[in-house]
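Engineer: Read top to bottom, the protein sequences are chains A and B. All residue numbers for the first sequence refer to the numbering used here, where the first residue is 7 and numbers rise by one. All residue numbers for the second sequence refer to the numbering used here, where the first residue is 3 and numbers rise by one.
Read the hints as simulated data drawn from the structure, not as lab findings. Glycine included, C-beta positions come from ideal geometry on N, C-alpha and C. Fair warning: there could be bad hints in the mix.
Part of the chain A face toward chain B, derived, beta carbon under 10 angstroms [as the list claims (entries may be wrong)]:
id : residue
1  : P126
2  : R247
3  : V248
Negatives, chain A to chain B, calculated, CB over 10 angstroms [said to hold, decoys possible]:
id : residue
4  : A43
5  : T139
6  : L146
7  : R155
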Amino acid sequence: MTAISNQQVVTTAPTVKSVRASMLLNALTLVTLIAVAVGLYFALVVAGTDIEQGNVQRIFYIHVSSFAGAFIAFGGTVIGGAAYLITRNPKWDQLALAGVEVGLVLAFINLVTGSIWARPIWNTWWTWDPRLTSDAIMCLTYAAYLMLRQGIENADTRRRFASVYGIFAFITVIITLVIIRIRPDTIHPAVIGVSPQNAQGGFGLTESMITALGVNMVVWSVFIPVTLIWWRLRLETLAARVESLRIQVMES
Amino acid sequence: MPETTDYLFLGLGAVVTITALFLGSLTLRYRNLRRDAAALEEIMRGD
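Bound-form chain A, shown alone:
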């Protein structure tokens, strides 16, 4: 169906391309759901139980992997922001926005699962440790991105501001990643490599644990962020179409 207004034609019927994209997205979603189930199987069944921590250690497969997913999603924001500043194509800004939303969800999962793991291991839900503090700052920085976007009326200004902000916000992700290597006073254990001297709750990885971590890293840093970002982009595409229709109705 087409509607004609002010010499402009808006095609609202789904195109062959959009139908194909929908089918591909549905297929990817199905594969992601299966991948999540496989990841959980490896985390809950295949991986051996840690003798010192008990079953709560299994949270670590999601905790670590969800941060990797957030890293990828926020990386998408950097790519989207830089590409928008170069090309001025709004599609790149949509990618940047989708990356922030999905990254924030994954970062929040990382933060909450870490807090739950800490309760029996550190005997507290929260402590102002350098890693935990930088992680919280990272989440707040990206939450501020979403709030600040809402406050800018002009679309071009909003996109330019968001692009620059999204690129610089990635510094908080890098700091969160490396802080346990540069701050010896942290109690947060390192998963890969030597833990800081004050680390509490560290553990040695057995072969089954490494396998479970590897599987979940792929699930959480590839399948989940890509699928969620694609769904979020689809929403943004629809929002752009509604906005275009609204302008045409107002002009007619």
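Given chain A's structure and the hints, the job is docking chain B onto it.
Structural biologist: For chain B alone, kept in the frame of chain A given last:
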């Protein structure tokens, strides 16, 4: 070995809840936009 299974389930519950909230928010926003698009198309058809 300490008994910490309750915390594992609490963590899994938190993951499910956060994910469900995000997916619910996506679905709700998508539905609202579809409704808006349909209403705007209706107005344009009437013009």
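Engineer: Compare the structure with each hint and give your call.
Structural biologist: For each hint, the structure was consulted:
{"no.": "1", "hint": "P126", "result": "5 angstroms, holds"}
{"no.": "2", "hint": "R247", "result": "6 angstroms, holds"}
{"no.": "3", "hint": "V248", "result": "5 angstroms, holds"}
{"no.": "4", "hint": "A43", "result": "13 angstroms, holds"}
{"no.": "5", "hint": "T139", "result": "20 angstroms, holds"}
{"no.": "6", "hint": "L146", "result": "17 angstroms, holds"}
{"no.": "7", "hint": "R155", "result": "15 angstroms, holds"}
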